[in-house]
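Student: Given next are the chains, with one letter for each unit.
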Amino acid sequence: MADEALFLLLHNEMVTGVYKSADQGEVENGRCITKLENMGFRVGQGLIERFTKDTARFKDELDIMKFICKDFWTTVFKKQIDNLRTNHQGIYVLQDNKFRLLTQMSAGKQYLDHAPKDCYSHESWGFTVFPTLLFFCLSCTSVRRILSEYHIEYLAFTCGLIRGGLSNLGIKSIVTAEVSAMPACKFQVMIQKM
Amino acid sequence: MLRYVRVKEDRKASNLVGKRKETDHPILHWSSTMSRPGNRRPEYHKINRDLFVLTYGALVAQLCKDYEKDEDVNNYLDKMGYGIGIRLVEDFLARSYVKKCHSYSEIADLIAQVAFKMYLGITPSVTRNESSRNEFSLILDKNPLVEFVEELPAGRSSLCYCNLLCGVIRGALEMIHLTADVKFLQDRLKGDKVTEIRITFLKKLEDKKYRRKK
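Chains U and G are the protein sequences, given in the same order.
All the letters of the first sequence, read from the start, carry residue numbers 1 to 194 under the working numbering.
All the letters of the second sequence, read from the start, carry residue numbers 1001 to 1214 under the working numbering.
Possibly wrong hints are sitting among the right ones.
The list that follows gives simulated cross-link-like pairs (lysine-lysine, DSBU-like), each with its CA atoms no further than 30 Å apart [to be verified]:
id : chain 1 : residue 1 : chain 2 : residue 2
1  : G       : K1183     : U       : K20
2  : U       : K79       : G       : K1117
3  : G       : K1100     : U       : K20
4  : U       : K20       : U       : K53
5  : U       : K172      : G       : K1046
6  : U       : K78       : G       : K1117
7  : G       : K1117     : U       : K98
8  : G       : K1079     : G       : K1046
9  : U       : K79       : U       : K98
10 : G       : K1183     : G       : K1046
Hints in this document: simulated from the structure, not taken from any laboratory.
With the hints as constraints, model all of the structure from the sequences given.
Tutor: Quick look at the structure:
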């Protein structure tokens, strides 16, 4: 039985390790986030397979999202998602008010020297809208960090986890995350219609 | 403009299976998943372990992509394990209420029977080296980290897949002022019969400043 502490520590080490071994260019263009997110994707795929072995078939997309929010989140993070919102057109916002991977971190504003790192999961054909926005964000806020982008790198793995889980349940998506106030965070899932 | 609609849980409808009488036990109304037979609990722990094992696997896969040489990957895993070990030992000591150890063999037993059991769910056996009092081996019959690994990838024959464990043990021991050299002697993934971790205790770290003459 791998304890929660072990996974938490491994996750933190992974994030610091990826950033330590990357050079400045990689940090700026978000390749570190991509690496973490891809790792999360692989894990999410494997995990959802083992998890849904015995569960009943899902009725629809909303059912799958509810499963992610309740059972999946409970098993991985020992609590449910606190708030699920949707516009019934393929966008879901999962809000966790006390995200397990952020509770161990301070909520202070003293560490404002990190470059902003928006977290995007990459789907090759769903990426058309965001490049200009991303470039704009990165260029004008390279000195100070926007409040909503604190600790995005610690959410990258989980974004990948959600995207991988949904992928193996037959849903193609883009998952982004933002931190509103530590340790609360929001994951936005955009379903890509085939 | 997107308007988000809060997904309201219709508790009464979704959690009732058929018609329930008021005399039913209140806990059964909790959720439809909980009304399944009690094999949910062990699965919960197993999934947790799967999460760790899969994450570790993804990490090693990513490292193999980033580094060409096996030694680099091994060193990286060891360093990462060190970083984990120095923090994990506090968690371990807080949870396990162990008494003070008086010998290296007690420490080795503690690592094998308490620490490994607590974090990985396995109990490796400890063998002592007859010639040296400082060398101990942990023999792992079952290694949960390699549950999903069939064999090492081609061209990675000297990769120590579980080198993280060596770093964790080394880091943890260093936080309690014991230097040790921890490495894999045998590895099932490389074709050996068992997985063996060798712990060699080196000279104890002493802080000379605080040594008093009695």
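Student: Which numbered hints are broken by the structure, listed smallest first?
Tutor: 3, 4
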